[in-house]
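J.: Here is how the chains run, residue by residue.
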Amino acid sequence: MKNFDYARPQDVQSAAAALGKAKGSRPKGGGTDLITLMKSGVLTPPLVVDLASIPGLSGVSRLETGHFRVGATTTIAEVAEHPELARVARVLTDAAATTATPLVRNRGTVGGNLCQRPRCWYFRNLDYVCSKKGGQTCYAAEGENKYHAIFENVTCNIVHPSNLAPALWALDATIHVAGPTGEKSIPVADFWVRPEEDISTENVLEAGEVITGVSFAPEGASTGSAYHEVREKQSYDWALVNAAVRLDFEGEVVKEARIVVSAVAPIPLRLEACEKILKGQKFSDALAEAAGKAASGGATPLRDNAYKVHLIEKCVKNTILDAARRAKVRSGEPR
Amino acid sequence: MHPPDSEKPGLSRRGFLKGTGLSVAAVGLVKSATAAQEAPAAEVPTLSAAQTHEISFELNGQTTQAKVRTGHTLLETLRDQLDLTGTKLVCDQGSCGACTVHLDGKPVNSCLVFATDVAGRQITTIEGLAKNGNLHPVQAGFLHEDASQCGFCTPGMIMSCKALLDRNPSPTRDECKEAISGNICRCGTYFNIFRAVDHAATLMKGGR
Chain Z
1 MKNFDYARPQ DVQSAAAALG KAKGSRPKGG GTDLITLMKS GVLTPPLVVD
51 LASIPGLSGV SRLETGHFRV GATTTIAEVA EHPELARVAR VLTDAAATTA
101 TPLVRNRGTV GGNLCQRPRC WYFRNLDYVC SKKGGQTCYA AEGENKYHAI
151 FENVTCNIVH PSNLAPALWA LDATIHVAGP TGEKSIPVAD FWVRPEEDIS
201 TENVLEAGEV ITGVSFAPEG ASTGSAYHEV REKQSYDWAL VNAAVRLDFE
251 GEVVKEARIV VSAVAPIPLR LEACEKILKG QKFSDALAEA AGKAASGGAT
301 PLRDNAYKVH LIEKCVKNTI LDAARRAKVR SGEPR
Chain H
1 MHPPDSEKPG LSRRGFLKGT GLSVAAVGLV KSATAAQEAP AAEVPTLSAA
51 QTHEISFELN GQTTQAKVRT GHTLLETLRD QLDLTGTKLV CDQGSCGACT
101 VHLDGKPVNS CLVFATDVAG RQITTIEGLA KNGNLHPVQA GFLHEDASQC
151 GFCTPGMIMS CKALLDRNPS PTRDECKEAI SGNICRCGTY FNIFRAVDHA
201 ATLMKGGR
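As they're listed, the protein sequences go chains Z and H. Residue numbers for the first sequence follow the working numbering, so the first one is 1 and each next one is one higher. Residue numbers for the second sequence follow the working numbering, so the first one is 1 and each next one is one higher.
Heads up, some of the hints might be wrong.
Pairs of lysine-lysine residues, derived as DSS-like cross-links and limited to a Cα-Cα distance of at most 27 Å, are as follows [claimed, not checked]:
| id | chain 1 | residue 1 | chain 2 | residue 2 |
| --- | --- | --- | --- | --- |
| 1 | H | Lys177 | Z | Lys314 |
| 2 | Z | Lys328 | Z | Lys279 |
| 3 | Z | Lys328 | Z | Lys282 |
| 4 | Z | Lys233 | H | Lys177 |
| 5 | H | Lys67 | Z | Lys2 |
| 6 | H | Lys131 | Z | Lys39 |
| 7 | H | Lys106 | Z | Lys233 |
| 8 | H | Lys205 | Z | Lys39 |
| 9 | Z | Lys276 | Z | Lys314 |
| 10 | Z | Lys233 | Z | Lys146 |
| 11 | Z | Lys233 | Z | Lys255 |
| 12 | Z | Lys293 | Z | Lys276 |
No lab work stands behind these hints, which were simulated from the structure alone.
Chain Z on its own, in the form it takes in the complex (with noise of 0.2 Å):
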């Protein structure tokens, strides 16, 4: 690995006014994204900012809106294993169980995971010069493309690696960021950029921008959530498809949902056509197969990954059930 300059901050705005001086630079959360990009050379970054040096940006807290908000440095562990969480934001606390290994999630970010690159094995290699790295081909357009997009996958087939997003998402939560020009606070729904617009990024901070946290608020009193995710090795492996699903109940009848689902496109994705099947209907399992049929819809299949139309109808379906059945749990019927 080349070596960089190591900013260790205080606090956010000098953060960001190091990272904004200096081109190419890189702010790192736990760093276990940064490092493997590091040490491929597919990142060089003349100076890294660490941002677990400073004080405050990690924990998780109740704001006076009622509102939870986690800090960009808190650990996926700590998400995973916190006691509050996992009765205001299952589907978060769940995700996060989900992510890599223990090893790793005790000491990758919350930040850091929303920011991590794709997994895509072209843009992991040097010797590819694929167009996310500026050059002009998609090698996994005609190549080994089993575990890419099937959706949305025009300029670039890259599927979004992170777990805890599609969660987030499914809370509705907002991302706060901090940079040059002070603070400000995106919905989740608003964070990702496609290929189309911009190839080489996922989302839309700016030199210099960090984030310092995520808030949401608390699930309600007939609110069920869940994630699920499959993949081909149970013990640690990416998702292949995964799915976040947030439900409100009115009675038996579905209030509001929201359905996301992620390693399917080059960023997460919600599906309105799936929520507008549950919304306003009683519950029945029927349904939820329903909206599990219709989350494969418009799907675009490559020569090696047309399992995965097959995986995410399923796992729609099975998130939903699940998200439905926590939250009768919740309002005390019996299941």
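Starting from the structure of chain Z, add chain H where the hints point.
T.: Coordinates of chain H only, in the frame set by chain Z:
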């Protein structure tokens, strides 16, 4: 939770600057950079890419110094500089767990930790488990259940198993599987490892 670094002895902002041998030239660089700002930000302690930095940390209970570059991982520093070769280098990307050590009591991949990040913190490696010639119960459990074949994953496995038993004295089989899910055994000794953890749990509760 770790306390903020600024509260730690040996890693106060001043201590960090001093302890890491930050050169006057580097400070000058930072100053000139911030001077260009309209509202100058606080001076940011920065380790230069061009220099070697001395770090001090607690390694297996002993205060230890190492001279590292910013691009050095904790794993490289342990093996190549401090001669602690029990911690293994295999995938070098956090996928296999052979390099597992404890950082402030928590198991992490030492290949994914910058050496400079452990200044002022506690590291435990496989070499730090046996005390006065007596094996740690997890090591004894591995011996008792013959939980090694080629042995290359063993140090990392033991560190993950120890971390599990430190926080959960009576883990279920599923909890054990989850705890070592970041450690790969290419020989497939997993069932012996599960039994070794059971045995170690018994030993740690005073059983035999």
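J.: Would the hint linking Lys205(H) and Lys39(Z) be met if the CA-CA limit is 27 Å?
T.: violated, 43 Å
J.: Does Lys177(H) pair with Lys314(Z) here, judged by a C-alpha cut-off of 27 Å?
T.: holds, 26 Å
J.: Starting from Lys233(Z), check that the Cα of Lys255(Z) is at most 27 Å away, please.
T.: Measuring from Cα to Cα gives roughly 36 Å; hence the hint is violated.
J.: Against the 27 Å threshold, does the CA-CA distance of Lys328(Z) and Lys279(Z) hold or violate the hint?
T.: Between Lys328(Z) and Lys279(Z) the Cα gap is close to 17 Å, so the pair holds against 27 Å.
J.: Under the criterion that the straight-line Cα-Cα distance not exceed 27 Å, is the pair Lys233(Z), Lys177(H) satisfied?
T.: holds, 13 Å
J.: Is it true that the CA of Lys293(Z) sits at most 27 Å from the CA of Lys276(Z)?
T.: Holds: Lys293(Z) and Lys276(Z) sit about 13 Å apart, inside 27 Å.
J.: Is Lys67(H) close enough to Lys2(Z), meaning Cα to Cα at most 27 Å?
T.: holds, 16 Å
J.: Hey, Lys276(Z) versus Lys314(Z), does the alpha-carbon distance stay inside 27 Å?
T.: holds, 18 Å
J.: Holds or violated: Lys233(Z) with Lys146(Z), Cα cutoff 27 Å?
T.: holds, 15 Å
J.: Decide if the proposed pair is consistent with the structure: Lys131(H) and Lys39(Z), CA atoms, cutoff 27 Å inclusive.
T.: violated, 36 Å
J.: Need the status of pair Lys106(H), Lys233(Z): alpha-carbon distance at most 27 Å?
T.: holds, 25 Å
J.: Does Lys328(Z) pair with Lys282(Z) here, judged by a C-alpha cut-off of 27 Å?
T.: Given that 27 Å is the threshold and the Cα spacing comes to 13 Å, the pair holds.
The structure is inconsistent with the numbered hints 6, 8 and 11, although it conforms to all the rest.
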